[in-house]
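> Assemble the complex: chain A is given as a structure, and chain B must be docked to it using the hints.
So the protein sequences, as listed, match chains A and B. Taking my numbering, I'd label the letters of the first sequence as residues 8 to 627. Taking my numbering, I'd label the letters of the second sequence as residues 409 to 706.
A few of these clues could be false.
List of simulated lysine-lysine pairs, DSS-like, C-alpha gap at most 27 Å [stated by the list, open to error]:
id	chain 1	residue 1	chain 2	residue 2
1	A	Lys335	A	Lys91
2	A	Lys496	A	Lys168
3	B	Lys449	A	Lys146
4	B	Lys442	A	Lys146
Short derived list, chain A residues pointing at chain B, Cβ under 7 Å [to be verified]:
id	residue
5	Pro154
6	Ala158
7	Ala161
8	Arg231
9	Ile259
10	Glu261
11	Ala268
12	Leu270
13	Gln273
14	Asn427
15	Gly433
16	Pro474
17	Ser477
It is worth saying that the hints were derived from the structure and are not from the lab. Model, not experiment: these values are computed from the prediction. By construction, the Cβ of each residue, glycine as well, lies at the ideal position given by its N, Cα and C atoms.
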Amino acid sequence: MTQVSRATLTSLLHRKMRRGIGIAALASAMALPGAQAQAEDVLRVAMTAADIPINIGQPDQGFEGFRFMGYMLYDALVLWDLSKADEPAGLTPGLAESWSVDPDNPERWIFNLRKGVKFHDGSDFTADDVVWNFEKVTKTDAPQYEPKQAALVAQRIPALKEVNKIDDHTIEILTDGISAYVPYQVSFWFMSSQEHYEKVGSWAEFAESPSGTGPWKFVSQTPRAKVEMVPNKDYWNPERVPKVDRVILRPIPEASARMAAILSGQVDFVEAPSPDAIPRLQSSGIKIATNAYPHNWAIKPSRIEGSPWNDINVRKAANLCIDRAGMKQMLAGNAIPSEGHLPPGDTWFGEPDFKIGYRPDEARELMAASGHTADKPLTVKIAISTSGSGQMQPLPMFEYLQANLAECHFDVQAEVMEWNALLAFGRKPADSEEAISKGINAIVISHATQDPYSGFERFFLSSRISPAGSNWGMLKDQWYDDTLAKAAKTFEPEVLNEILSSVHERVVNEAEWVWVVHDVNPRALAPHVKGFVQAKSWFQDLTPVYIERYRHRPRPAAPALYGARPAGSTARPVRLSFPRHPDRIHAVLCVETASLLDPDRAGRVGDLFRPCAYWPGRPP
Amino acid sequence: MSVICFALVHIGPGDPLSTLLPEDAPQEVVDRLKAEYGLDKPLVVQYVLWLGKALTGDFGISIVTSRSVLGEVLPALVNSLILAVGGAMLGFIVGMILGGLAGYFHGRPADRVFTGMAITGVSVPHYWLAIVLVIIFSVELQWLPSLGMNMSGATDFTFTIENFRHMVLPVIALSVIPAGIVTRTVRGAVAELLNQEFVEALRSKGMNERQILRHVAKNAAPQVMAVMGLQLGYLLGGSILIETVFAWPGTGLLLNNAIFSRDIPLLQGTILILALIFVALNLLIDVAQATVDPRIKR
Numbered sequence: 008m009t010q011v012s013r014a015t016l017t018s019l020l021h022r023k024m025r026r027g028i029g030i031a032a033l034a035s036a037m038a039l040p041g042a043q044a045q046a047e048d049v050l051r052v053a054m055t056a057a058d059i060p061i062n063i064g065q066p067d068q069g070f071e072g073f074r075f076m077g078y079m080l081y082d083a084l085v086l087w088d089l090s091k092a093d094e095p096a097g098l099t100p101g102l103a104e105s106w107s108v109d110p111d112n113p114e115r116w117i118f119n120l121r122k123g124v125k126f127h128d129g130s131d132f133t134a135d136d137v138v139w140n141f142e143k144v145t146k147t148d149a150p151q152y153e154p155k156q157a158a159l160v161a162q163r164i165p166a167l168k169e170v171n172k173i174d175d176h177t178i179e180i181l182t183d184g185i186s187a188y189v190p191y192q193v194s195f196w197f198m199s200s201q202e203h204y205e206k207v208g209s210w211a212e213f214a215e216s217p218s219g220t221g222p223w224k225f226v227s228q229t230p231r232a233k234v235e236m237v238p239n240k241d242y243w244n245p246e247r248v249p250k251v252d253r254v255i256l257r258p259i260p261e262a263s264a265r266m267a268a269i270l271s272g273q274v275d276f277v278e279a280p281s282p283d284a285i286p287r288l289q290s291s292g293i294k295i296a297t298n299a300y301p302h303n304w305a306i307k308p309s310r311i312e313g314s315p316w317n318d319i320n321v322r323k324a325a326n327l328c329i330d331r332a333g334m335k336q337m338l339a340g341n342a343i344p345s346e347g348h349l350p351p352g353d354t355w356f357g358e359p360d361f362k363i364g365y366r367p368d369e370a371r372e373l374m375a376a377s378g379h380t381a382d383k384p385l386t387v388k389i390a391i392s393t394s395g396s397g398q399m400q401p402l403p404m405f406e407y408l409q410a411n412l413a414e415c416h417f418d419v420q421a422e423v424m425e426w427n428a429l430l431a432f433g434r435k436p437a438d439s440e441e442a443i444s445k446g447i448n449a450i451v452i453s454h455a456t457q458d459p460y461s462g463f464e465r466f467f468l469s470s471r472i473s474p475a476g477s478n479w480g481m482l483k484d485q486w487y488d489d490t491l492a493k494a495a496k497t498f499e500p501e502v503l504n505e506i507l508s509s510v511h512e513r514v515v516n517e518a519e520w521v522w523v524v525h526d527v528n529p530r531a532l533a534p535h536v537k538g539f540v541q542a543k544s545w546f547q548d549l550t551p552v553y554i555e556r557y558r559h560r561p562r563p564a565a566p567a568l569y570g571a572r573p574a575g576s577t578a579r580p581v582r583l584s585f586p587r588h589p590d591r592i593h594a595v596l597c598v599e600t601a602s603l604l605d606p607d608r609a610g611r612v613g614d615l616f617r618p619c620a621y622w623p624g625r626p627p
Numbered sequence: 409m410s411v412i413c414f415a416l417v418h419i420g421p422g423d424p425l426s427t428l429l430p431e432d433a434p435q436e437v438v439d440r441l442k443a444e445y446g447l448d449k450p451l452v453v454q455y456v457l458w459l460g461k462a463l464t465g466d467f468g469i470s471i472v473t474s475r476s477v478l479g480e481v482l483p484a485l486v487n488s489l490i491l492a493v494g495g496a497m498l499g500f501i502v503g504m505i506l507g508g509l510a511g512y513f514h515g516r517p518a519d520r521v522f523t524g525m526a527i528t529g530v531s532v533p534h535y536w537l538a539i540v541l542v543i544i545f546s547v548e549l550q551w552l553p554s555l556g557m558n559m560s561g562a563t564d565f566t567f568t569i570e571n572f573r574h575m576v577l578p579v580i581a582l583s584v585i586p587a588g589i590v591t592r593t594v595r596g597a598v599a600e601l602l603n604q605e606f607v608e609a610l611r612s613k614g615m616n617e618r619q620i621l622r623h624v625a626k627n628a629a630p631q632v633m634a635v636m637g638l639q640l641g642y643l644l645g646g647s648i649l650i651e652t653v654f655a656w657p658g659t660g661l662l663l664n665n666a667i668f669s670r671d672i673p674l675l676q677g678t679i680l681i682l683a684l685i686f687v688a689l690n691l692l693i694d695v696a697q698a699t700v701d702p703r704i705k706r
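Just chain A, with the same shape it has in the complex:
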């Protein structure tokens, strides 16, 4: 660095400041709010949701609501182990320490509740709370019954018929038929505080100060703008007491706005950055976290009478004609090519005989065997959305698919809908009037596949035809009905895994769907965000996250002020550096931060903004 005498520098600063003091003071003042917001370790998260998820227990906004409201403010009896990135997230004890099925009655489960757990309002968590929370979503004449909460959880706890208290820390769950999936089902059902509800009197009031037992405590929320939470220091699992001082969750549905927000330093953690923005983010030092998780992006074909997809050759041909590696490249590497219904390596993947891959010649042979050639292509029409939760980049992906399948004698047409319209369309099965009149014989809605119900039952059971499940194509196969019924009654985990693997093998061998890719759920993390472990799950844990600059890096020594700091001064050093050399400090100016917004002093800029010169390496 050029050696400049202190006197020269001071004189230069004085001269510069006389000229540009107003602008400089304003610029410094403008920089302050952000700096003040960082006084504590705050993690600012940009969600993809358009609004704050419902906060009184069962969240809306799909699994993003579970991720950022459900599992943060609340606990379920059983939780997901989100601490590992290298294996699929499995179940782990939550508010129940242990559970077992009654050996004399397989329709009765006993759950032993954790002792000493307190809600955020200070009340104790007991068996009464579990019974009360069950009535909240099932007993229509109970005072705490909430129809929207009921609708949000009903399909996730279908086996639960009755919940009874045995003693303060033991409950029994009676099921509707034998079900081995009870632990999975209760993992989606959150416990709100009965005492707090009774104190505030209504769910509307409860939403102002929600109280659960989760690792984060609610502070405040502004509709459509933000929700703030702080750590629950008394959380029952000390390993999961959050490390940051505060988390601010902001709904920012627009992908480009989320990207700009992290690049301009307004947020630290961004959900689902657009793949084409990832190189730009990385070039700014922003880290991209990805991992496989139980998600699939696939074409669900109609299996009603007359559907072209009833021909297994057609289904297999479509599966063999997609260049998934090319699609992955198109998605900037943010996808895992499908080899089956579940992501490769999943516990229930098994060993299907039908190997899904890109073999167009084989695909064309299969199509020819079914009478479809270049001159006589098979026309199929697929309903797809323009965007939507978990849909990745639906339209570019569809166009890629369309071009691929055209090489194998498919004439793929699209019925493009907006996300809400597609969801409404998908709630009616393939033989609905709308599907028939528009000639739609397949649909693309991405799905979670993390438990036996969401991975298999709702798609392949004949009793789960939409809207009773997600079997849109109306597939009816006695083998699935029998095998999945058997699986639901199997309590030994190894045997259950074997049965579910056999289901997956058959699903792939029969090419029931056309699988394309699995998402890897990219997240963008500012360079100072550390400790995040991206679990192989739809849910994630923010409790291990910490902000490096405060906790783990020594703060830079405060620069000395030029002259003595006046008594009572709040002068704050502001570092000046050139954009091309952000690491080099060129000068430090002092700003009276406390006076900046004081209207009486606003005109006297000289009072607010004084010189305090400093060159690194040459302390005054």
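Relative to the frame of chain A, chain B by itself:
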């Protein structure tokens, strides 16, 4: 107007419960919720019930958020108003200056430059300009924030430097179209008036150019005011695209969210309130025009 508001939100495919509930939510639970919100009734009955309540100022409850529609719309309206007034002021000032100069120097290079700027302003998609502004000033230079009303995410406007910083980019993006339109209008009016006989008469009386321009401005005012009024009305409605790009919590963002979630009560309420404001504003402009130019009264 109320019929159009109601019909518009019911014409589109989809329904509010599709986004709110999981796709495999049991039908009986969905039906119970539909009954809860009155969505199971025939459309005509729904309309009459809604209108009856709306006439008493009760716009209902948002299906998605369970908050009162009025409680959602009013704060958003204030936020849009702040942006609209900022955008309008900037747009009108720039428009009047550029338009006045272009009209005065009609047919000369300055006219072509300013007219070109006006055409660019009107033609450039403002959401594109918004994204470009964000890239330049927020992402690259990091001078100004890219979203929200302040760093903390609060949605109530206070007169702090921080809130003004957040306003700068959306106001610029919003002002471009009104600036372009006002420039063209003022230019046309001024150029036309300068060719009229009364201007010649004023010149022959020995008036200087500044005095002449004052007469011209007064004569051009009604026409320009009408255009400005319309533009202000458009801005007050909240720009869906600008507010979405900047996540500005106004009526535009509110409408955008309500459209995607098919929040029918919120959509109906917001559209109706905005439509009423637009009509009221037009009336106000008509009255103001008549005050400025008594000929309009006749």
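> Work down the list of hints and note, for each, if the structure agrees.
Okay, the hints, checked on the actual structure:
Pair hint Lys335 (chain A) plus Lys91 (chain A) holds up; C-alpha atoms about 25 Å apart against a cutoff of 27 Å. Proximity of Lys496 (chain A) to Lys168 (chain A) is assessed by CA-CA distance (about 16 Å); at most 27 Å being required, the pair is judged to hold. Taking the CA atoms of Lys449 (chain B) and Lys146 (chain A), the gap is about 25 Å. The hint holds against a cut of 27 Å. With a C-alpha separation of about 18 Å, the suggested pairing of Lys442 (chain B) with Lys146 (chain A) holds against the 27 Å cut-off.
The criterion of a C-beta within 7 Å of any C-beta in chain B is met by Pro154 (chain A), whose closest approach is roughly 5 Å, and the hint holds. With its C-beta approaching chain B no nearer than about 4 Å, Ala158 (chain A) sits inside the 7 Å limit, and its interface hint holds. Below 7 Å, beta-carbon pairs count as interface contacts, and Ala161 (chain A) has one with chain B at about 5 Å; its hint therefore holds. With a least beta-carbon distance of about 6 Å to chain B, the hint placing Arg231 (chain A) at the interface is held under the 7 Å criterion.
Proximity of Ile259 (chain A) to chain B holds as hinted, the smallest CB-CB distance being about 6 Å (cut-off 7 Å). For the restraint placing Glu261 (chain A) at the interface with chain B, the shortest Cβ-Cβ distance is roughly 6 Å, inside the 7 Å limit, so the hint holds. At its closest, the beta carbon of Ala268 (chain A) sits 5 Å from a beta carbon of chain B; the interface hint therefore holds under the 7 Å criterion. With a least beta-carbon distance of about 4 Å to chain B, the hint placing Leu270 (chain A) at the interface is held under the 7 Å criterion.
Here the hint on Gln273 (chain A) is kept, as its CB sits about 6 Å from the closest CB of chain B, short of 7 Å. Against a cut-off of 7 Å between C-beta atoms, the interface hint on Asn427 (chain A) holds, since the closest Cβ of chain B lies about 4 Å away. Here the hint on Gly433 (chain A) is kept, as its CB sits about 6 Å from the closest CB of chain B, short of 7 Å. Evaluation of the Pro474 (chain A) hint against chain B yields a held restraint, the C-beta minimum of about 5 Å falling below 7 Å.
Contact between Ser477 (chain A) and chain B, as hinted, is supported at the beta carbon level, the nearest pair being about 5 Å apart and thus within 7 Å.
Of the numbered hints given earlier, the model fails none.
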